[in-house]
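Q: With chain A's structure known, arrange chain B on it following the hints.
Note that the protein sequences, when read in sequence, are chains A and B.
Take 1 as the starting number for the first sequence in our numbering and just add one per residue.
Take 1001 as the starting number for the second sequence in our numbering and just add one per residue.
For the record, the hints were derived by calculation from the structure and aren't laboratory data.
These numbers were taken from a predicted model, which means no experiment stands behind them.
Watch out, some of these pointers could steer you wrong.
What the hints assert, rightly or not - Partner residues aside, some chain B positions facing chain A, computed with beta carbon under 8 Å:
| id | residue |
| --- | --- |
| 1 | Gln1026 |
| 2 | Asp1034 |
| 3 | Ala1049 |
Stated by the list, open to error - Okay, the calculated beta carbon distance ranges per label pair:
| id | chain 1 | residue 1 | chain 2 | residue 2 | range |
| --- | --- | --- | --- | --- | --- |
| 4 | A | Glu185 | B | Asp1115 | 46 to 56 Å |
| 5 | B | Gly1082 | A | Pro34 | 18 to 28 Å |
| 6 | A | Gly107 | B | Gly1082 | 19 to 29 Å |
| 7 | A | Pro88 | B | Glu1076 | 50 to 60 Å |
| 8 | B | Asp1123 | A | Glu281 | 54 to 64 Å |
| 9 | A | Glu208 | B | Glu1076 | 33 to 43 Å |
As the list claims (entries may be wrong) - The following residues of chain A were derived to be distant from chain B, with all beta-carbon distances above 10 Å:
| id | residue |
| --- | --- |
| 10 | Lys16 |
| 11 | Asp244 |
| 12 | Met272 |
Cβ coordinates follow ideal geometry from the N, Cα and C atoms, glycine included.
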Amino acid sequence: MVSVDELVAASLAGDKYAMSRLISLVEREDPHAPDILQAIYPYSGNAYRIGVTGPPGAGKSTLVNRLVQAFCKDGYAVGVIAVDPSSPFSGGALLGDRVRFKAKTEGMDCFFRSMSAGRALGGLARATRDAARVMDASGRQVIILETVGVGQSEMDIAKAADTVVVMLTPESGDDMQAMKAGLMEIADLFAVNKSDRPGADAAVQTIEGMLSRTSRETDWQPRVYMISAALNNGVRELYDGIWDHHGFLGLENRMGERRKARIRTELKTLMMAEFSKRLWEDPAHNRGLETALEKVWQREIDPGNAARETVGRWFSGTEIDDSIAGQ
Amino acid sequence: MERNIRVVTAKLGLDIHWRGVYLVSQFLKEAGMDVIYLGNKFPEQIVEAAMEEDADVVGLSTLCGNHLTLGPKVVELLREKGMDHVRVFMGGVMAPKDARKLEQEHGIVKVYLPDTPMQTIVDGIRDSVVELTGIPKKAM
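Isolated chain B (complex conformation):
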C-alpha cells in the first residue's frame, strides 16, 4: 500500500547553520513526504525520535565538522535498536573524501554536498525506501 514517506530531519549536535536543513525539509514536504523536524539534537535523541515517529529516513545536516563522529553514531544506535531499515542521509559541508568514507564505511546511504540539486535529494530518498513504502521508483 502506498503511503507518505516519514523523514526525521535534524541539525546534528550543536551546529547552528539551519538554513540548509529548513530548505531541504520544505522541499521534501513539497514532494509529499511527512517531515518531522527536530531542531538541534544529539544522536541518542535523534534515534529516539526516529523510533517514536516510525521514521523511514533520517536526514542529518551538519556544517561544523562533527560529521565523522556523530554521523556514524546515529547509524550504530539505530542498529543497536534493531532499526536497520531506517535509511540515514547526510548533508552539509565536508571534504569529499569524508563523504565517501561515511558512505562506504559507516552505513550512510548518501552524503549530499553543497550545490546538489534538490530533485537529486528527493529522488535519492524516494528510491531508497521503495520496498518500505510501496511508492514506485521514478521512471528513468
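Looking at chain A on its own, in the form it has when it is part of the complex:
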C-alpha cells in the first residue's frame, strides 16, 4: 500500500492515479483528509474554474465534452468534476456523465471525475471544492464543475466557480424555472441549447429581457448564446465568450476579489460548523438547552426569546450558576 505522503508527492507531480486516490480520500473525509488538504493547498489557486449548470437533460454533459475538446486543443490541462444526484433510499448513484464523454485524441490532457451528490459527508459543496483543490494543485489549468442546477447545494458549487455558464433549452418552460431558481443571478453566460428546435429565439429574448431587470453583484453584462452542443453549433462562440469573461475578471483584480469573497464565505461556514460542534460538546450547554426547552414547553417563554436569553447567558459566562440553580 502506498503511503499518503507518497500519494501527495506523486499527485503534485501530476500523476493521475495518485490524484484520483487523493480525491477519493478527501471526498469521503478520510482521517488523512486534513493532512492531504494542508499539504496540497499551497500549490492550489492557479486553475481557472468554470461552473456549468442547468436543469436535467439540458445538455450539460454534451457541452462539457465540447468545452474539454476546445480547452485541450488550445493546450490546457483540463479537469472535470461531474456531479449527479443519488438515490435518497439506497444512497447509491448512477453516474452517467461519462457516456457523453468521447474518446480522447492524442495529446488531450484531461481528467474526468464523477461524483455522487448523496453521501458526500459535510456537504456536496465541500466535497467538490476539496476535489477541485486536489486537481488544481496537481496541475489542472482549467477545471469544469458540472452540476444539475436545482438544489441549493448544487447552486453553491456553481457559485464557487470563477465563471458560471447556465444552460437552458427552448420549449420546456426553462426561462420561468430559471427565474424561480435564482439561476439568473449567478450566470455569467447563458447557453440556450438545442437551438435548432422551435422556440429558441423566444427563449433568448425572454432571458435577455429578464437580465435587464435582474440586479447583479458585478458590472459584467451576461451574454446569451444560442448553441447546439450535439451538433457543435455556436460552441466556439460560447468558448470565446468564456475567455472574454476570464479577461474581464483579469482586469482590476476582479478575479482575486471574487475568490477572496468566496473564501470568506467558506471560512464563515466552516467556523460556524466548528463553533457549533464545540458548543454541543459542552454538557453545560446541553443542560441550558434542556432548561430552555422545559420553559418553552410550559409556555413560560417563546422559543425566540428563550434562545436569545440562553445564548446571552453563555456569552456573559453565567450559564453554569443558572443551570445549577435551575435543577
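A: What follows is chain B alone, placed relative to chain A:
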C-alpha cells in the same frame, strides 16, 4: 471506514445490447453503490475511466462474442497500470466453457451468464471488495 463501492460499468467494444447492463447498473445503485456507466468503450478507455474514478470494480457487459479478446485485455491493462486491486466482473451471453476459462485463466473474478439472480451479482461484487471498502460480508 465504510463507504460506497465504486463500480465502473461498460458495454465492451461495439456491442450494442445495452438493456442488461442498464438493469444491472440500476440494481447496483439500489444496493447502495456508486455506479459510473460509460456506455460503449474499449479496454483502454475503460481502464482510464477506472483510474480516474478510483473504481473498486469494473463490470463488463458483452453479448457479441468479443469476451475472450477484449475481456482479458482489461485485466492486463489494469495490471500494467498497477491497479491489481480492481476486481473485474463480466456478464452476458457466452459458452459456459468460455466463462470458466475467463475466470480460471484470465483473472475475471466472475462471469454472470443469463438468468443469474440480481442478488447473486450484488453479493458477489460486495463480497469481493470487503477489504477495500470495510463493508462486511453478508451474513450467511
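Q: Does 50 to 60 Å hold as the CB distance between Pro88 of chain A and Glu1076 of chain B, or does it fail?
A: 39 Å, violated
Q: With a cut-off of 8 Å on the beta carbons, see whether Ala1049 of chain B makes it to chain A.
A: 6 Å, holds
Q: Is the interface hint satisfied for Gln1026 of chain B? The criterion is a beta-carbon contact with chain A at less than 8 Å.
A: Holds, because the Cβ-Cβ distance from Gln1026 of chain B to chain A comes to roughly 7 Å (cut-off 8 Å).
Q: Starting from the range 33 to 43 Å, see whether the pair Glu208 of chain A and Glu1076 of chain B falls in it by beta-carbon distance.
A: Violated: the Cβ-Cβ distance is about 55 Å, outside 33 to 43 Å.
Q: Hey, is Asp244 of chain A genuinely clear of chain B, shortest beta carbon separation above 10 Å?
A: Check passes; 30 Å lies beyond 10 Å.
Q: Could you say whether the range 54 to 64 Å given as a hint is met by the Cβ separation of Asp1123 of chain B and Glu281 of chain A?
A: 40 Å, violated
Q: Can the hint on Asp1034 of chain B be confirmed by a CB-to-CB distance to chain A that is less than 8 Å?
A: Cβ of Asp1034 of chain B sits 5 Å from chain A, so the hint holds.
Q: Any Cβ of chain B at or closer than 10 Å to Met272 of chain A, or is the non-interface label fine?
A: With a cut-off of 10 Å, Met272 of chain A remains clear of chain B, as the shortest Cβ separation is near 25 Å.
Q: Looking at Lys16 of chain A again, its CB stays over 10 Å from all of chain B?
A: 6 Å, violated
Q: For the pair Glu185 of chain A and Asp1115 of chain B, does the Cβ-Cβ distance stay inside 46 to 56 Å?
A: With a Cβ separation near 54 Å, Glu185 of chain A and Asp1115 of chain B satisfy 46 to 56 Å, so the hint holds.
Q: Within 18 to 28 Å: is that where the Cβ-Cβ distance between Gly1082 of chain B and Pro34 of chain A falls?
A: 27 Å, holds
Q: Indicate whether the distance between the beta carbons of Gly107 of chain A and Gly1082 of chain B respects the range 19 to 29 Å.
A: Holds - the Cβ-Cβ distance for Gly107 of chain A and Gly1082 of chain B, about 24 Å, lies within 19 to 29 Å.
Hint violations for this structure: numbers 7, 8, 9 and 10, all remaining hints satisfied.
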